[in-house]
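Please work from the sequences and hints to get the whole structure.
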Amino acid sequence: MNQMLNANPLKARRLLDQYPGEIRQILSKYPAGHTRSAVMPLLFLAQRELGYITQQDIEEIADLLEISTTDVSSVAGFYTLFHLQQEGQPTPRYRIQVCTDLPCALNGADHFLEELCAALGIKVGETTPDGLFTIEEVKCLAACHRAPMFQLQGDGSITYHEHQTVQTAQVLIEELRQSVQESKATPGVKGGSNA
Amino acid sequence: MPELILLRHRDIPNLNQLPVYRANGGFEAFHKAVTTLKPVEVINEVRLSGLRGRGGAGFPAGVKWNFLPNDLWPHYVVANADESEPGTFKDREILESNPFQFLEGLMLASYAVQANLSYVYLRGEFWQIAAQIDRCIADLEEAGLLGEKLFGTEYSLRLHTHLGAGAYICGEETALLESIEGNLGQPRLRPPFPAIYGLFGKPTVINNVETLTNVVPIIQRGGNWYRAIGPEKSPGVKIFSLSGCINRPGNYELPLGTTFRELIFTHGEGIPEGRKIKAIMAAGASSTIIVADDRALDTPMDYESVQQQLGAPLGSASVIILDDSVNMAWLVNKTVHFFMHESCGKCTPCREGTYWMSQLARRISDDGKVEAEDLDLLAKVARQMQGKCLCALGDFSTMAVLSAIQQFRPDFDRSLSGPGALENPDHGTGSAPSTSDA
Chain E
1 MNQMLNANPL KARRLLDQYP GEIRQILSKY PAGHTRSAVM PLLFLAQREL
51 GYITQQDIEE IADLLEISTT DVSSVAGFYT LFHLQQEGQP TPRYRIQVCT
101 DLPCALNGAD HFLEELCAAL GIKVGETTPD GLFTIEEVKC LAACHRAPMF
151 QLQGDGSITY HEHQTVQTAQ VLIEELRQSV QESKATPGVK GGSNA
Chain Z
1 MPELILLRHR DIPNLNQLPV YRANGGFEAF HKAVTTLKPV EVINEVRLSG
51 LRGRGGAGFP AGVKWNFLPN DLWPHYVVAN ADESEPGTFK DREILESNPF
101 QFLEGLMLAS YAVQANLSYV YLRGEFWQIA AQIDRCIADL EEAGLLGEKL
151 FGTEYSLRLH THLGAGAYIC GEETALLESI EGNLGQPRLR PPFPAIYGLF
201 GKPTVINNVE TLTNVVPIIQ RGGNWYRAIG PEKSPGVKIF SLSGCINRPG
251 NYELPLGTTF RELIFTHGEG IPEGRKIKAI MAAGASSTII VADDRALDTP
301 MDYESVQQQL GAPLGSASVI ILDDSVNMAW LVNKTVHFFM HESCGKCTPC
351 REGTYWMSQL ARRISDDGKV EAEDLDLLAK VARQMQGKCL CALGDFSTMA
401 VLSAIQQFRP DFDRSLSGPG ALENPDHGTG SAPSTSDA
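Quick note, the sequences are listed as chains E and Z, same order.
For the first sequence, this note's numbering begins at 1 and goes up steadily by one.
For the second sequence, this note's numbering begins at 1 and goes up steadily by one.
These are computed hints drawn from the structure, not numbers from a lab.
Where is the CB? At the ideal position from N, CA and C, for every residue including glycine.
Be careful, since some hints might not be right.
Stated by the list, open to error - What follows is a set of in silico ranges between Cβ atoms, one per label pair, in the way DEER data are often shown: (1) E/Ser179 - Z/Pro69: 31 to 39 angstroms; (2) E/Gln18 - Z/Pro19: 31 to 39 angstroms; (3) E/Ser179 - Z/Arg22: 55 to 63 angstroms; (4) Z/Gln406 - E/Val124: 44 to 52 angstroms; (5) Z/Ala392 - E/Ser183: 45 to 53 angstroms.
Right under this line is the structure:
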C-alpha cells in the first residue's frame with residue numbers, strides 16, 4: 001500500500017496531497033489484493049470539495065488503484081450520486097433532490113417540486129443564476145412517511161429535509177445563500193460558487 | 001401495548017448510545033455466544049426461531065447461514081442496508097435509532113459463520129447514518145467488543161461500512177457484492193450463489209438490517225420464545241412501513257399475521273378526508289396490486305397468507321395505501337418509470353422492457369393522444385419480460401402493470417378518453433372521487 005501511496009510524482013496527486021490519511025484509512029478497509037473496492041469511497045472523496053469529479057481525479061484514482069481510467073469513469077457514470085465534470089452539465093454547489101416516487105407523489109411531491117421550481121424561477125435540471133442550486137428529481141429516499149421531502153447534496157455531505165413546504169425549502173435556501181456570502185467575505189475560508 | 005423487540009428506542013431514550021444500549025442488556029447475547037456457544041449452536045438457535053429474511057424474499061435465515069462450506073475460507077457477512085424500495089423506510093429507523101442492536105446482530109451472524117471481517121453496505125443517501133455507524137463501530141472497538149481475540153477467546157472480528165452511491169439495484173445481493181468490489185452494481189449470473197462464491201469470491205452471507213436486528217433477542221431469549229410470536233410458518237415480529245393515502249404513515253412493529261385492516265384502520269387511523277380505500281401495495285413499487293375489499297383487509301399479513309389468499313407477495317412489507325382518488329394509469333406510469341430508471345442495463349429484457357413500458361405508460365397516462373392498442377401492447381411487453389430477466393427487478397417492474405390492467409381496467413379507459421381526463425396531477429384523477437372501487 002505504501003508503494004501505492006508514493007505514486008509517480010509526475011502524475012496528478014491532488015487527492016493524495018489533500019487527504020493522505022483518509023486515503024490510507026479507506027484502503028485499509030479492504031483485504032489485500034482488493035484495492036479496487038476503494039473506487040467508490042475515493043470518488044466521494046474527489047467530489048467532496050467541489051461537488052463534482054474532474055478528469056484529473058479520475059486519472060489519479062485509476063493510478064492509485066492500478067485500474068484503467070475507463071473502469072473509474074464507468075463506475076462514476078453508473079451511480080447517480082457521482083457527478084462528473086462535463087461540458088454543458090451544471091456544477092452547482094448544492095443539489096436539491098426531490099423525491100417524486102409513488103408514496104411521496106401521493107402526498108403532494110409533484111406539486112411541491114413544481115412550486116419550488118416556480119419559486120426559484122428554474123426548471124428541473126436547471127441551476128439558479130448565482131450557480132448555487134440545481135433542482136433534481138430523484139427516486140425513493142426511504143422517507144415515504146414524511147413527504148414532501150428532498151435531500152440536499154453539497155459541501156461533501158448529504159442531508160435529508162422532510163415534511164417540506166415551499167416556504168421551509170426557501171428558508172433553507174436563503175440560509176445557505178447567506179452562509180456562502182459570509183464565507184466569501186471572510187478571506188481564507190472556503191466558499192463561493194464554483195461555477 | 002406489547003413489548004417492542006426491534007424498535008426498542010421508542011421505549012428507551014438514547015438507545016443509540018453504547019452505555020445506554022449496554023445498560024439495557026446490550027451485547028449480552030454476543031458475549032454469551034462467543035464465550036459459551038459453538039458457532040453451530042448459534043445457527044441452530046436461529047433455525048429453531050424460524051426467522052425469515054426481512055428484505056423481501058423471506059428465506060429462513062438460519063438455513064442460509066448453514067449453506068456456507070467449511071472447507072472454503074475466509075467467510076464474510078454483509079449487512080444489506082441499501083433500503084431503496086419505494087414505500088420502505090424501516091431499516092432507516094433501526095439504523096438511526098437502534099444501531100447497536102443491528103450491529104450486535106451482524107456480529108452474531110459473523111460469529112455464527114466464523115467471519116472475521118464483515119461489511120455494512122449502506123445506500124449512499126444514508127450519508128449521515130453511515131457516519132453514525134462508523135462512530136458506533138469505533139465505540140465498539142474502544143470497548144473491546146470488536147477487535148482481536150474477543151473476551152479472551154480466539155475469535156476476532158472487524159466491521160467496516162461501504163457506501164453505495166444511488167442505485168436501487170444494489171439491494172439485489174449479487175449487485176451489492178459487485179458494488180463493494182468496486183464494480184458497476186449489476187447482478188451476477190447464478191449459480192454459483194454467494195454462499196459459495198460471494199464477496200471477493202468467498203463464501204458470503206448477506207442479510208437485511210431488520211433480519212439481523214431480530215437475531216439479538218433470539219440468542220438472548222431462545223428460538224422457542226421467538227417462534228411463539230406470530231403464525232407457525234412466518235414467526236416473529238415485522239416492521240410494516242405504512243405510507244401513501246393514510247392518516248398516520250410510519251413504521252409499525254407488529255406480529256406477522258396481523259391483518260391489513262388492523263394495520264390500516266387501527267394503527268394507521270384510516271384514510272384521510274373521508275375517502276375510501278381502493279387498493280393496497282404490500283411490497284412497495286414491486287407489488288402485485290391488491291383490491292382492498294373485505295377479504296383482503298381481513299387477510300393476515302404473513303408470507304404464506306398474503307401469497308396464497310391474495311396472490312401477492314408480502315415482500316419487505318412496505319404497505320402503500322391507495323384511496324379512491326388514485327388513477328391506476330397514473331400509478332403504473334410512476335412505478336414503471338422507477339424501474340426504467342433503476343434497471344442496471346445488463347440484461348436485454350429488463351433494459352429494453354422497462355424502457356418501452358415506460359414510454360407506453362407515459363403516453364397512456366399523460367398525453368391523452370392514446371390508441372387503445374397501447375394498453376394491450378403494454379401488457380404484452382410486461383408478459384414478455386416475465387421470467388426472462390437476470391434478477392428479480394425485471395419481474396418486479398411488471399407486477400403493478402399487469403395487476404392494475406387486469407383489476408382496474410376502467411381507470412385506463414378513463415385515461416384513454418382524452419386530454420383533461422386526469423385533472424389532479426397529484427393523484428391522477430379529477431377532484432371528484434368518481435372512480436369506482438372496481
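How the hints compare with the structure:
no.: 1; hint: E/Ser179 - Z/Pro69: 31 to 39 angstroms; result: violated, 55 angstroms
no.: 2; hint: E/Gln18 - Z/Pro19: 31 to 39 angstroms; result: holds, 36 angstroms
no.: 3; hint: E/Ser179 - Z/Arg22: 55 to 63 angstroms; result: violated, 39 angstroms
no.: 4; hint: Z/Gln406 - E/Val124: 44 to 52 angstroms; result: violated, 33 angstroms
no.: 5; hint: Z/Ala392 - E/Ser183: 45 to 53 angstroms; result: holds, 47 angstroms
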